[in-house]
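If you read the sequences in order, they're chains X and Y.
For the first sequence, the working numbering assigns the number 1 to the initial residue and increments by one for each residue that follows.
For the second sequence, the working numbering assigns the number 1001 to the initial residue and increments by one for each residue that follows.
Errors might be hidden in some of the hints.
Stated by the list, open to error - Pairs of lysine-lysine, DSBU-like flavour, derived with a Cα cap of 35 Å:
(1) X/Lys88 with Y/Lys1066
(2) Y/Lys1066 with X/Lys6
(3) Y/Lys1059 with Y/Lys1151
(4) Y/Lys1096 with Y/Lys1151
(5) X/Lys38 with Y/Lys1056
(6) Y/Lys1155 with X/Lys46
(7) Y/Lys1096 with Y/Lys1059
(8) Y/Lys1056 with X/Lys16
(9) Y/Lys1050 with X/Lys38
(10) X/Lys46 with Y/Lys1056
(11) Y/Lys1056 with X/Lys60
(12) Y/Lys1151 with Y/Lys1066
(13) Y/Lys1056 with Y/Lys1096
(14) Y/Lys1151 with X/Lys6
(15) X/Lys45 with Y/Lys1056
(16) Y/Lys1155 with X/Lys60
No lab work stands behind these hints: they were computed from the structure.
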Amino acid sequence: MSDIGKVRLRLPSSIKAGDVVRVRCLVIHPMERIERDKSGKIIDKKYQYIDKVTVTYLGKTVAAFDTTQSVSENPFFAFAFRATDPGKLAVTFHDTHGATYEGTADVTFG
Amino acid sequence: MADSGTMTRRTVLEALGAAGVAAVVGVTARPRPAAAQSFGQNETVDAALKRVFGGKPIKDGGALIKLDVPLIAENGAVVPVSVEVNAPMTPQSYVKHIYVVADQNRIPIVTRVALTPESGQAYMGANIRLGETGDVRAIVEQSDGTLLQVKREVKVTVGGCGG
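Start from the sequences, fold in the hints, and give me the full structure.
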């Protein structure tokens, strides 16, 4: 559990200006699922799961995910963006306990 | 229970007890504001679609949407899904949202992705949980409000939602 919040972000190895780039990202997170007691009733508690993921590139939002508990443990997401200028790509994960986890990558052309 | 209709001390107490529980549940459930009601809820898929789309007609989007899911998912806890929409992404016309819905899940709405013209291409991927065999839908909302969907059945060997 100590790994919780580790973000991995993966870009293609070579990017040309103007390309539409597909990015894959992954965060280590338990994504707690709904628990039930013996009679099948849902246990009411504040489940810890990621409910928001935002992707920004050069300070502008490219994609925003709203997620529920139907997303797997250690969630993986993929998205696309158009690489126009070199700069920072940041993916931020927010969970229901108020924690945020961020992963960044530098977009460079080569 | 032959005398279930009559009012004994026991039935009265039971009724009072149930009412008490109901009152407590009512009190604790009410103060939650509507906004805190999370996006995903325990509901049927029909109720979920009605809540999210307000009963708007959803057209078939087989020509535009490419939904990539496995035919058989051995492990329902991790099912890779990707959605690609063959539509232009210009400020005039673009794909606004991509929804992923798993019909048989207790929480059918899996994710909603909000896209902008900067995305360049309407594409998303995610690993989702599937409780049991059933349809997985991708619903696309375009900037003019048109709703399109495709669905594919995924066979699940071991469910991944637990509970």
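Results of checking the hints against the structure:
1. For the hint pairing X/Lys88 with Y/Lys1066, the CA-to-CA distance comes to about 30 Å; that is within 35 Å, so the pair holds.
2. A C-alpha spacing of about 31 Å is found between Y/Lys1066 and X/Lys6, which places the hinted pair at or below 35 Å, so the restraint holds.
3. In summary, the hint linking Y/Lys1059 to Y/Lys1151 is supported, as the alpha carbons are separated by about 12 Å, within the 35 Å threshold.
4. Of the pairs offered as hints, the one joining Y/Lys1096 and Y/Lys1151 holds, with about 19 Å between alpha carbons and a cut-off of 35 Å not exceeded.
5. For the given pair, X/Lys38 sits about 39 Å from Y/Lys1056 by alpha-carbon distance, which is inconsistent with the 35 Å threshold.
6. Proposed proximity of Y/Lys1155 and X/Lys46 is supported: the alpha carbons are some 31 Å apart, at most 35 Å.
7. Between Y/Lys1096 and Y/Lys1059 the CA atoms are separated by roughly 16 Å; this keeps the pair inside 35 Å, and the hint holds.
8. For the proposed pair Y/Lys1056 and X/Lys16, the alpha carbon gap of about 41 Å is over 35 Å, so the pair is violated.
9. Note on Y/Lys1050 and X/Lys38: the hinted pairing holds, with a Cα-Cα distance of about 31 Å set against a maximum of 35 Å.
10. For the hint pairing X/Lys46 with Y/Lys1056, the CA-to-CA distance comes to about 32 Å; that is within 35 Å, so the pair holds.
11. Restraint check: the Cα-Cα separation between Y/Lys1056 and X/Lys60 comes to about 31 Å, which is no more than 35 Å; the hinted pair holds.
12. Taking the CA atoms of Y/Lys1151 and Y/Lys1066, the gap is about 10 Å. The hint holds against a cut of 35 Å.
13. For the hint pairing Y/Lys1056 with Y/Lys1096, the CA-to-CA distance comes to about 16 Å; that is within 35 Å, so the pair holds.
14. A threshold of 35 Å between alpha carbons decides the hint, and for Y/Lys1151 with X/Lys6 the separation of about 33 Å falls inside it, so the pair holds.
15. Proposed proximity of X/Lys45 and Y/Lys1056 is supported: the alpha carbons are some 33 Å apart, at most 35 Å.
16. For the given pair, Y/Lys1155 sits about 39 Å from X/Lys60 by alpha-carbon distance, which is inconsistent with the 35 Å threshold.
Checked against the numbered hints given earlier, this structure breaks hints 5, 8, 16; the rest are met.
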